[in-house]
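Trainee: So the sequences go chain by chain: L and D. Numbering of the first sequence is given in the numbering used here, commencing with residue 87 and proceeding in unit increments. Numbering of the second sequence is given in the numbering used here, commencing with residue 87 and proceeding in unit increments.
What the hints contain is simulated information worked out from the structure, not anything from laboratory work. Each hint should be verified, as a subset may be incorrect.
Said to hold, decoys possible - Subject to a maximum C-alpha distance of 20 Å in a straight line, what follows is the list of computed PhoX-like cross-link-like pairs (lysine-lysine):
hint, chain 1, residue 1, chain 2, residue 2
1, L, K493, D, K258
2, D, K338, D, K318
3, D, K89, D, K258
4, L, K89, L, K216
5, L, K520, D, K240
6, L, K520, D, K529
7, L, K529, D, K520
8, D, K284, D, K273
9, L, K216, L, K157
10, D, K240, D, K273
11, L, K529, L, K120
12, L, K120, L, K89
13, D, K120, D, K405
14, D, K437, D, K405
15, D, K120, D, K493
16, D, K387, D, K339
17, L, K405, D, K529
18, L, K405, D, K284
19, D, K414, L, K430
20, L, K438, D, K437
21, D, K430, L, K414
22, L, K89, L, K228
23, D, K430, L, K430
24, D, K405, D, K382
25, D, K89, D, K273
26, D, K493, D, K520
27, D, K266, L, K444
28, L, K437, L, K405
29, D, K438, L, K414
30, L, K520, D, K339
31, L, K414, D, K228
32, D, K318, D, K339
None of the values given here were measured: they were computed from a predicted structure.
Number of protein chains: 2
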Amino acid sequence: MKKQPHLYAVVLAGGSGTRFWPMSRERFPKQLLKIIGEETLIQQTVRRVMSSVPVNHICVVTNHFQAESIKLQLAQWKDELADNFVLEPEGRNTAPAIGLAALRLLRRDPDATMLVLPADHIIQGDAKFKNAISLGYEIAQKGNLVTFGIQPTKPETGYGYIQPNRRARLGKQGTLSGYKVARFVEKPDVKKAQQYLKSGNYFWNSGIFLWRASTVLEEFARHQPALLRGLKAVDEMMESGQFGNPFAARYKKLPSVSIDYGIMEQSSHSAVVPVNFSWSDVGSWGSLEEVAPCDKRGNVKTGNVVDLDSENTVFFTDKRLVGSIGLKDMVVVDTPDATLVCPKSRSQDVKKLVEELKRRGAPEHLEHLTIHRPWGSYTILEEGPGYKVKRISVLPGGRLSLQMHHKRSEHWVVIAGTARVTCGDTVSDLGPGKSIAIPVETKHRLENPGNDPLEIIEVQNGPYLGEDDIVRYQDDYGRTQTP
Amino acid sequence: MKKQPHLYAVVLAGGSGTRFWPMSRERFPKQLLKIIGEETLIQQTVRRVMSSVPVNHICVVTNHFQAESIKLQLAQWKDELADNFVLEPEGRNTAPAIGLAALRLLRRDPDATMLVLPADHIIQGDAKFKNAISLGYEIAQKGNLVTFGIQPTKPETGYGYIQPNRRARLGKQGTLSGYKVARFVEKPDVKKAQQYLKSGNYFWNSGIFLWRASTVLEEFARHQPALLRGLKAVDEMMESGQFGNPFAARYKKLPSVSIDYGIMEQSSHSAVVPVNFSWSDVGSWGSLEEVAPCDKRGNVKTGNVVDLDSENTVFFTDKRLVGSIGLKDMVVVDTPDATLVCPKSRSQDVKKLVEELKRRGAPEHLEHLTIHRPWGSYTILEEGPGYKVKRISVLPGGRLSLQMHHKRSEHWVVIAGTARVTCGDTVSDLGPGKSIAIPVETKHRLENPGNDPLEIIEVQNGPYLGEDDIVRYQDDYGRTQTP
């Protein structure tokens, strides 16, 4: 398949991924994780669609909190993607996100055809994926809403199923065919799921779609007219550059509805292409064994684990040591500030645990100790009354904003690289083992003028140490307005 | 019972406690842990015997690695205990430790009577304990080697059992009687253990003993003559202040033998007092439920745990967050640098896990990130190539040695209290938010001249950051020889 000039990819990257806590956090959701391989899920997703779609045709729908992290992870394509981010003020389920993306694309290209796909799925078999897209594109051009159906491998009760109408074939390429949808089935019970598995004619709804923007918007007009009116208003506001509170308020009023329920199940133009690539939505820690390599006892093991005799257990850890003995069908996830232990059979309930953390105001539900920024990252090593200790890493050429704090002094000790430090009216370059004190209410800036990473230890002192005690005078990344 | 003028307590505090990893470490064994209550096990042990024995009659047998930590924990009695430490160069099982303590006590008091007890057991019922000691003392004066027998509550296969000869009563006080031992039984199989439990005439060997020093040494002469000769030589070396390598070499040659096997089971003077206090040797995480309070689902919970639905599970954690769901009969122990997860039924095998860690050279088997020193403590916040970050706490009036490092510079930032800092020829007092740089090969010292704790953050820089890169010029705690 040649790259189709009117094909665009819309990557849905607004998910919260609470079921991958503590590796995922509210502000660091699943698509940002390296689950398998050397790239994160969103990086893998973008790379996968690049074989069908030019990079500057890839759009990312996300929200403000995640946008910065996502842009960092996609920084290698930053020029091509620069204008392709659609930022929702808050998540309102899939239909509004997709409808808005369709309106945006239609302004760009009246023949725009959209491949919609979640950022946090794992797909293995890139050639097969590409072939499926090719057939889907053909069928979409005929005015259909194309879904991609996954051959079930077990009687899964957590997914919706799609039954094709085998007598209504809409297209064929090689061994792949596409059909009209006979019916959608919401998450079935075990007995039904077993029947579907046995019948061979029911497919998992992968949440991947392909359609012309104009087609899907016609269906919005037919089945979700109120939502479409709201989306058009939002689209107008975006077009005229209104991104403030009225925009957020308008968006908040949109009905929260899924594309499956709101459009696909209502439409008479729904189609399905049963595919042959391997797919997983890695919906929980328990599902990791489907996609990650296991040792001979069936354990998935990442990180610093010393284990005796465990079986069929998922260990997802980092540098901290986890010692384990005789675990069976368990999940153990370890991060610098939080550990999770549960049986695999309960891994769907991690979501409930995160709700409980949120209810208690536990900071561990929200962010990691390491926070990524456009200039690099920082890691909180310790916080206590009146002080905070961070390790700050600045990328070559990166620099933090020119800033000042009302309530805290800071001490910086360089541990690697060269720091160019502005403190008041003085600028100095400091190498490893050198230090400087930044008094309260003194303008300062940290910069890495070298070609190697810069690492410093920062010790903050003061009665208030919140990140919001910051006055920014100049910032390379346009952050002088908000903290 | 009045305090007996010739009664001494010998607290055996040399155990490694590997089965309580990761809370215990090779250099921070079980007796130093707060398992239940506000005091550590050794503090509770000392406080318990104080009702029967004057504090300056309490001796502690331990080794060099643990002595400093133990002295810190017993600091409130430091004057009374000052001369009462017996330091083994290495552990050689219980018989050498007890024999040596007997020789030392006999030099002090020819009528010395020794209550020997491990530092790391939990006993509940102090009055009952005191009554048992009183009867034991009476029986010991008649030339018997008294053991204290615990009424079994389950068919435990991990303990030795003692059968009293009910026809040979040696003494009686109130409801307590003591008897000659009919026989000792090594750890039985389950079937035997069930019989013993049912019979009501077998008692667990608590490892607590009472005898005249002269009596037990007569039994050493009879049953362990070679060991006794070795001990006498060691005792002579101690008396003449020889604590160097020859002393250690001599000690190392002593046979490693337990007091139970080496003396008690051989002697015709063994006696047993069945007691009615509650006792546990808390031999593993799984046994914690016997002594610690449980919630209504049977969980023992310490620390920052957010749990859904777990049952009969031991959570022993600290400040880090542990999230758990639906655990049954498990053990989860969390420390700043290491986490343990295992079923209760495997908690005896924590020992094997620690052996594996040791084999791999994992530092987590040896020490905690927080290390206690006579002047306070330090906590390693992070280590990386070329740097180390510590939080250092100095007690009021405490000061570190006057020292120098060949390979590293240090930066100190005060976060609480006042630091008196010697750096080269300069002495200065620094308050919170103040900092100082200590260059390589510069004499320096940190001191807390105030009445409040002093806390600083130390950032070390250099190619080698081992604790042994230290030259000590003066030290308040006599550590100018060894690091």
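Trainee: What are the numbers of the hints that this structure violates, sorted from low to high?
Mentor: Checked against the structure, the hints that fail are numbers 1, 5, 9, 11, 12, 14, 15, 16, 17, 18, 20, 24, 25, 26, 27, 28, 30 and 31, while the rest are satisfied.
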